[in-house]
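There are 2 protein chains.
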Amino acid sequence: MALSIAGAGRNALTEKAAWFSESLARGLKVARAFDRDQPKMRISEVAAKTGMTRASARRYLLTLKSLGYVGSENEWFYPLPRILELGYAFVSSARLEEFVEPILQRLSEATDAAAHFAVFDNNETLCLGSVFSQKLFGFFISIGARQPAYAGSMGKVLLAGLSDTKLEEYLASVRRVAHTKETVTSAAILRREITEVREQGYALNRGEMTPGIVGVAVPVRNKDGTVASVVNANWISTSSIKAAEIKRCLGPLREAAKQIEMRLASGAVPTGWVSRER
Amino acid sequence: MALSIAGAGRNALTEKAAWFSESLARGLKVARAFDRDQPKMRISEVAAKTGMTRASARRYLLTLKSLGYVGSENEWFYPLPRILELGYAFVSSARLEEFVEPILQRLSEATDAAAHFAVFDNNETLCLGSVFSQKLFGFFISIGARQPAYAGSMGKVLLAGLSDTKLEEYLASVRRVAHTKETVTSAAILRREITEVREQGYALNRGEMTPGIVGVAVPVRNKDGTVASVVNANWISTSSIKAAEIKRCLGPLREAAKQIEMRLASGAVPTGWVSRER
Numbered sequence: 010m011a012l013s014i015a016g017a018g019r020n021a022l023t024e025k026a027a028w029f030s031e032s033l034a035r036g037l038k039v040a041r042a043f044d045r046d047q048p049k050m051r052i053s054e055v056a057a058k059t060g061m062t063r064a065s066a067r068r069y070l071l072t073l074k075s076l077g078y079v080g081s082e083n084e085w086f087y088p089l090p091r092i093l094e095l096g097y098a099f100v101s102s103a104r105l106e107e108f109v110e111p112i113l114q115r116l117s118e119a120t121d122a123a124a125h126f127a128v129f130d131n132n133e134t135l136c137l138g139s140v141f142s143q144k145l146f147g148f149f150i151s152i153g154a155r156q157p158a159y160a161g162s163m164g165k166v167l168l169a170g171l172s173d174t175k176l177e178e179y180l181a182s183v184r185r186v187a188h189t190k191e192t193v194t195s196a197a198i199l200r201r202e203i204t205e206v207r208e209q210g211y212a213l214n215r216g217e218m219t220p221g222i223v224g225v226a227v228p229v230r231n232k233d234g235t236v237a238s239v240v241n242a243n244w245i246s247t248s249s250i251k252a253a254e255i256k257r258c259l260g261p262l263r264e265a266a267k268q269i270e271m272r273l274a275s276g277a278v279p280t281g282w283v284s285r286e287r
Numbered sequence: 010m011a012l013s014i015a016g017a018g019r020n021a022l023t024e025k026a027a028w029f030s031e032s033l034a035r036g037l038k039v040a041r042a043f044d045r046d047q048p049k050m051r052i053s054e055v056a057a058k059t060g061m062t063r064a065s066a067r068r069y070l071l072t073l074k075s076l077g078y079v080g081s082e083n084e085w086f087y088p089l090p091r092i093l094e095l096g097y098a099f100v101s102s103a104r105l106e107e108f109v110e111p112i113l114q115r116l117s118e119a120t121d122a123a124a125h126f127a128v129f130d131n132n133e134t135l136c137l138g139s140v141f142s143q144k145l146f147g148f149f150i151s152i153g154a155r156q157p158a159y160a161g162s163m164g165k166v167l168l169a170g171l172s173d174t175k176l177e178e179y180l181a182s183v184r185r186v187a188h189t190k191e192t193v194t195s196a197a198i199l200r201r202e203i204t205e206v207r208e209q210g211y212a213l214n215r216g217e218m219t220p221g222i223v224g225v226a227v228p229v230r231n232k233d234g235t236v237a238s239v240v241n242a243n244w245i246s247t248s249s250i251k252a253a254e255i256k257r258c259l260g261p262l263r264e265a266a267k268q269i270e271m272r273l274a275s276g277a278v279p280t281g282w283v284s285r286e287r
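Protein chains in written order, with the numbering used here: chain A, 10 to 287; chain B, 10 to 287.
Since the hints were made in silico from the structure, they are not lab data. Hints should not be assumed to be uniformly reliable.
No distinction is drawn between identical chains; accordingly, a pair holds when it is met within one copy or between any pair of copies.
Claimed, not checked - Quick list of in silico lysine-lysine cross-link-like pairs, DSSO-like style, CA-CA up to 27 Å: (1) K38 / K25; (2) K175 / K256; (3) K38 / K256; (4) K49 / K267; (5) K25 / K190; (6) K251 / K267; (7) K74 / K267; (8) K49 / K25; (9) K256 / K232; (10) K251 / K58; (11) K232 / K190; (12) K232 / K74; (13) K267 / K232; (14) K175 / K232; (15) K58 / K25; (16) K74 / K58; (17) K190 / K251; (18) K175 / K74; (19) K256 / K267; (20) K74 / K38; (21) K58 / K38.
Just chain A, same shape as in the assembly:
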């Protein structure tokens, strides 16, 4: 393995160097280094987090600052609102707010739950649309948020849409952490649950990511039947999810999925949303 990388890698790297901008890649790595746990960082922390030298980290931070994407105060750097314009290229070009928000709004009203739309990206559930429920105050996944696919109703639908090979690759490569006492971390149990999801056509979240948040999700399919994305409804519950609640949600969820499928099939959004990681 190490040998083949050393052999094939050298040529690939030489070829890649001809068009690949290392500076762009490293600058973007610095831009996304800020997160909930480290909303502001010093140069040395950015360097440590990105695996760069202090001089490199400083160069990209100062460039991002000069472009208005990052601000600084004393020795601290932090992202500025303007950085949203990068992600907004996607939101705007996909017309996300016209495309998916009204459908989620109706789903939320029909279920009295928060409604979300997500895709599988980089082995995670990436939220592309969310609508608050008037009845629910505690929970909201914002656009752009990522969650581990093994913990949550949307992730399990997306995993169920993978081929068996890709699913095994996922289970072998993704470290699973117990976020709550309900989180399933065992590969064997997840495999069994995903088989169930494929058979029944929906997945449940029993508080696996956040204590007391439960939900139901159904797949959104491409014309060829592959799973393109997912919609869910979730709500706060102190007890385990009931059969009657699942049944009540499935109609509105399938209606929302059907509406999104029709929009996808009509070419309403750019193609290529479907992860090629299957």
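For this one, chain A is given, so just place chain B on it according to the hints.
Same frame as chain A, now just chain B:
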């Protein structure tokens, strides 16, 4: 003026070159070139739009593609959902969904209107929070969306928060387009309206950006009284906005502004949100 740029500019450029990454700046320019009007582009179109050579545009597109931010099909390139992770650095580090969404949710319920939170960035109104109304289906400004500051209630509050010098710079430099027959493009009328906004403490939108969408906005202030950001409530209306409607909205709007002010003052979000363009 031209002389002073030529004189001072050369040294400044030489100094800047020592730390500024031109590749990062140009790559980011390519990333944000996609928008509603051009959701997918060929290399030649990206080159034309960004003012780069075809070879440069190709290099940055291929780098962005290799990082998973851009997809391609035949000769077309388009942004992929993963690009959201760049903007999400800000959403996540500012804890936007915890910080502002619940406050907007209560504002929306109290007014039966859509509720938004925005800052002034790059001479535009940049939306940082939005909540749909159950009563309103037609309109929603998504997080990251930008609107011209001269056309809309939020923009006029933000302009009213500028110093007179900065306001004049804004009026002199920003080209004003009539989006609807209500849009105010005259500098003299805008100046008068902004003086009114300063006196009355709120601004109105009379369908100036989108026909039939009206709204009211009030400022959110820093501890020193400067305008940091803005909240609004807007709704669909076939008639002009009524005094009773304004009055009904002002209480909930001021309550929402006060809550956000308290959170800002407590250091709940990184500093530096306030535009330094005043």
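We went through each hint and held it up to the structure:
1. Taking the closest pair of Cα atoms, K38 and K25 come within 27 Å of each other both inside a single copy (18 Å) and across two copies (21 Å).
2. When the C-alpha separation of K175 and K256 is checked against a cutoff of 27 Å, the pair qualifies neither within a copy, at 30 Å, nor between copies, at 58 Å.
3. For a Cα distance limit of 27 Å, the shortest separation of K38 from K256 qualifies neither inside one copy, at 44 Å, nor across copies, at 48 Å.
4. Taking the shortest Cα distances, K49 and K267 sit within 27 Å of each other only across copies (26 Å), while inside one copy they are farther apart (42 Å).
5. Proximity of K25 and K190 under a CA criterion of 27 Å is satisfied in neither setting, with 45 Å inside one chain copy and 53 Å between copies.
6. Taking the shortest alpha-carbon separations for K251 and K267, only the intra-copy value of 24 Å comes in at or below 27 Å, while the best inter-copy value is 40 Å.
7. In this assembly of identical chains, the alpha carbons of K74 and K267 never lie at most 27 Å apart, being 44 Å within a copy and 30 Å across copies at closest.
8. Taking CA atoms no more than 27 Å apart as the test, K49 paired with K25 passes between copies only; the shortest distance there is 24 Å, against 33 Å inside one copy.
9. Taking CA atoms no more than 27 Å apart as the test, K256 paired with K232 passes inside one copy only; the shortest distance there is 26 Å, against 51 Å between copies.
10. Taking the shortest alpha-carbon separations for K251 and K58, neither the intra-copy value of 43 Å nor the inter-copy value of 54 Å comes in at or below 27 Å.
11. When the C-alpha separation of K232 and K190 is checked against a cutoff of 27 Å, the pair qualifies neither within a copy, at 38 Å, nor between copies, at 43 Å.
12. In this assembly of identical chains, the alpha carbons of K232 and K74 lie at most 27 Å apart only when taken from different copies (25 Å versus 44 Å within one copy).
13. Taking the shortest Cα distances, K267 and K232 sit within 27 Å of each other inside one copy (11 Å), while across copies they are farther apart (49 Å).
14. For the homomeric pair K175 and K232, the shortest alpha-carbon distance inside one copy (21 Å) is at most 27 Å, but the shortest distance between copies (54 Å) is not.
15. Both within a single protomer and between protomers do K58 and K25 lie at most 27 Å apart by alpha-carbon distance, with minima of 25 Å and 25 Å respectively.
16. Taking the shortest alpha-carbon separations for K74 and K58, both the intra-copy value of 18 Å and the inter-copy value of 23 Å come in at or below 27 Å.
17. Taking the shortest alpha-carbon separations for K190 and K251, only the intra-copy value of 19 Å comes in at or below 27 Å, while the best inter-copy value is 54 Å.
18. Taking the shortest Cα distances, K175 and K74 sit within 27 Å of each other only across copies (22 Å), while inside one copy they are farther apart (40 Å).
19. For the homomeric pair K256 and K267, the shortest alpha-carbon distance inside one copy (17 Å) is at most 27 Å, but the shortest distance between copies (42 Å) is not.
20. Proximity of K74 and K38 under a CA criterion of 27 Å is satisfied in both settings, with 15 Å inside one chain copy and 15 Å between copies.
21. For the homomeric pair K58 and K38, the shortest alpha-carbon distances inside one copy (9 Å) and between copies (25 Å) are both at most 27 Å.
Hint compliance for this structure: hints 2, 3, 5, 7, 10, 11 are broken, all remaining hints hold.
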